[in-house]
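With chain A's structure known, arrange chain B on it following the hints.
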Amino acid sequence: MTNQKPFIDIRHAQKSFGSLNVLRDISLQVQRGQIVAIIGPSGSGKSTLLRAINDLDPLTGGEVWLEDKQINKSLPHRQYEQHINEVRQEIGMVFQHFNLFPHLKVRENVTMAPKMLKGLSDAEANALAEEQLTKVGMIERIDYYPSQLSGGQKQRVAIARALAMKPKVMLFDEATSALDPELVEEVNLVMKKLAEEHMTMIIVTHEMGFAESVCDRVLFMDQGVVVEEGPPEVIFRNPKNERTRNFLRKHLAGQKG
Amino acid sequence: MGLDFSVIPKYLDIVLIGALWTIAITVGAAVVSFFGGILLAVIALYAPAVVRWPFRVFSFLFMGTPLLLQLFLIYFGLVQIGIDVPAFVAGVVGLGLHFAVYNSELFQTSILAVDKGQVEAARTLGLSRMQALRKVVVPQAIRDVIPPIGNNMIALLKDSALVSVIGVSELTLSAQRAIGSTYRPFEFYVLVAVLYYIINLVMETVLRHVERRIQVSR
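Top line first, the protein sequences correspond to chains A and B.
The first sequence begins at 1 in my numbering and counts up one residue at a time.
The second sequence begins at 1 in my numbering and counts up one residue at a time.
Hints are computed from structural coordinates only; laboratory data are not their basis.
Hints are supplied without guarantee of correctness; some may be wrong.
Distance windows between CB atoms, simulated [as the list claims (entries may be wrong)]: (1) A:GLU63 - B:ALA47: 45 to 53 Å; (2) B:ARG218 - A:GLY18: 35 to 43 Å; (3) A:ASP143 - B:SER6: 31 to 39 Å; (4) A:LYS118 - B:PRO48: 39 to 47 Å; (5) B:VAL50 - A:TYR80: 20 to 28 Å; (6) A:ALA178 - B:GLN215: 17 to 25 Å.
Straight-line alpha carbon distances no greater than 27 Å define the calculated BS3-like cross-link-like pairs of lysine-lysine that follow [claimed, not checked]: (7) A:LYS105 - B:LYS158; (8) A:LYS5 - A:LYS105; (9) A:LYS240 - A:LYS118; (10) A:LYS73 - B:LYS158; (11) A:LYS118 - B:LYS10; (12) B:LYS116 - A:LYS115; (13) A:LYS168 - A:LYS118; (14) A:LYS118 - B:LYS135; (15) B:LYS158 - A:LYS166; (16) B:LYS116 - A:LYS168; (17) B:LYS135 - B:LYS116; (18) A:LYS135 - A:LYS166; (19) A:LYS5 - A:LYS115; (20) B:LYS135 - A:LYS135; (21) A:LYS105 - B:LYS116; (22) A:LYS168 - B:LYS135; (23) A:LYS73 - A:LYS105; (24) A:LYS166 - B:LYS135; (25) A:LYS115 - B:LYS135.
Each residue gets a CB set at the ideal place from its N, CA and C atoms; glycine is no exception.
For reference, chain A alone in the conformation it holds in the complex (with noise of 0.2 Å):
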């Protein structure tokens, strides 16, 4: 990775509901084609800092920037609205229910947002839709409901819908969290061939031998703080902090069990 300008900049990103403070003063810095894995506890903020970025959960303090862009501006209403909503379309993202939409085709929930505002065809829609699904290999599928798929054929298709607005970063929040043990691998694999591509990743997770095989960097959290960061190889075979070892040992006796 060179040194160059950071692709996204996460300033001093401070986040609390009254006097619960979730995030407390986070920095982070991601270049392009990096992936980068957050892990931590429950309540730890890793869901909130990955929300912030494309302002779903806007911060209280800080700045969030892609590229030479302020993503949290803070504008008058209309004028944030349109700006949100431009760099929204530059950053995908993939949530741990899929969040289809069940009231469309798999080509439909595909083919939406492309076509409402990038002004698509209906025919380059329809091509865009089909590449993308073959690429997470769920083309068989194309003129299924999301209720007639299994979870892990609905959050490939999350996927596709997601690269279909040929996003710069995709933000993937416990995307493999809701599904069935045998169901995580087919979205694994999907994540690995996107990793292959550099696609910029930044990947919210409790996957851990996911994130060690696909991640250059994995951070800590844990209460609203990045405890430790690194190489994966570092955090999860030779952590330095406490609190990092008692979560991995935590976290592999529970999955054993």
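This is chain B only, laid out in the frame that chain A set:
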């Protein structure tokens, strides 16, 4: 005097034309009540207070007063302020708005029941609030509300008989006209009851078909 159903064939055409008018009023008012209901629900949930309050008063008036009175007001009352509506239009609008208010309550509940993750997913793709509402939330709310709306539509069919009081020759009024010439109320009211029942059955069949069709999109 015994019953004599043999008078019916002579007046059957009048009654059947009445049935067609009933169907026309019901369909027209159903469309008004459906789209009006969505509009009222979106206004009630999302419009700024200056817009919301007049509509709330309007809803209260339509819910809190008799439908019969509303029809009188639209047909006989509006003429006085220079708005002369044909009886059929008055009937469709009156019935339609009356049921729009009831449908609006159903739509509001179902809009609020759509999972928050749906809006989040739409917004993260870059859709605006309105686009997310239009393409993601409202279609799902409509889908979820079809069964109870169907019940309202059947109530609407039955209440369409009230439109007879402003002189639309729908099913009930045409029966009364036939009775006026034959003095056979029992025979014609039974005939009309059967016809209402048949229309009702057709509506229920269509609704059940629609419900089955949308089942897969949940």
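(message) Just to be sure I understand the hint, the distance between the Cβ atoms of ARG218 (chain B) and GLY18 (chain A) should be within 35 to 43 Å; is that true here?
(response) Roughly 37 Å apart at Cβ, these two residues keep to the hinted range, so it holds.
(message) Does LYS158 (chain B) sit within 27 Å of LYS105 (chain A), going by the straight-line distance between their CA atoms?
(response) violated, 37 Å
(message) Holds or violated: LYS118 (chain A) and LYS10 (chain B), Cα atoms, limit 27 Å.
(response) The hint is violated at about 64 Å.
(request) Take a quick look at whether LYS115 (chain A) and LYS135 (chain B) sit within 27 Å of each other, Cα to Cα. (result) Holds. LYS115 (chain A) to LYS135 (chain B) sits at ~12 Å (cutoff 27 Å).
(message) Can you confirm whether the C-alpha distance between LYS116 (chain B) and LYS115 (chain A) stays at or below 27 Å?
(response) Roughly 23 Å separates the two Cα atoms, so the pair holds.
(message) Run the distance test for LYS135 (chain A) versus LYS166 (chain A): straight-line Cα separation, threshold 27 Å.
(response) Cα-Cα ~13 Å, so holds.
(request) Starting from LYS105 (chain A), check that the Cα of LYS116 (chain B) is at most 27 Å away, please. (result) holds, 20 Å
(request) Would you mind confirming whether the straight-line C-alpha gap from LYS73 (chain A) to LYS105 (chain A) stays at or under 27 Å? (result) violated, 35 Å
(message) Run the distance test for LYS5 (chain A) versus LYS115 (chain A): straight-line Cα separation, threshold 27 Å.
(response) violated, 33 Å
(message) Checking one constraint from the list: CA of LYS240 (chain A) to CA of LYS118 (chain A), max 27 Å. Satisfied?
(response) Violated. LYS240 (chain A) to LYS118 (chain A) sits at ~47 Å, over the 27 Å cutoff.
(request) Mind checking the alpha carbons of LYS118 (chain A) and LYS135 (chain B) for me, to see if they're no more than 27 Å apart? (result) At roughly 16 Å apart (the allowed maximum being 27 Å), LYS135 (chain B) and LYS118 (chain A) satisfy the hint.
(request) Decide if the proposed pair is consistent with the structure: LYS166 (chain A) and LYS135 (chain B), CA atoms, cutoff 27 Å inclusive. (result) holds, 21 Å
Violated hints for the displayed structure, listed by number in ascending order: 1, 3, 4, 7, 8, 9, 10, 11, 15, 19, 23.
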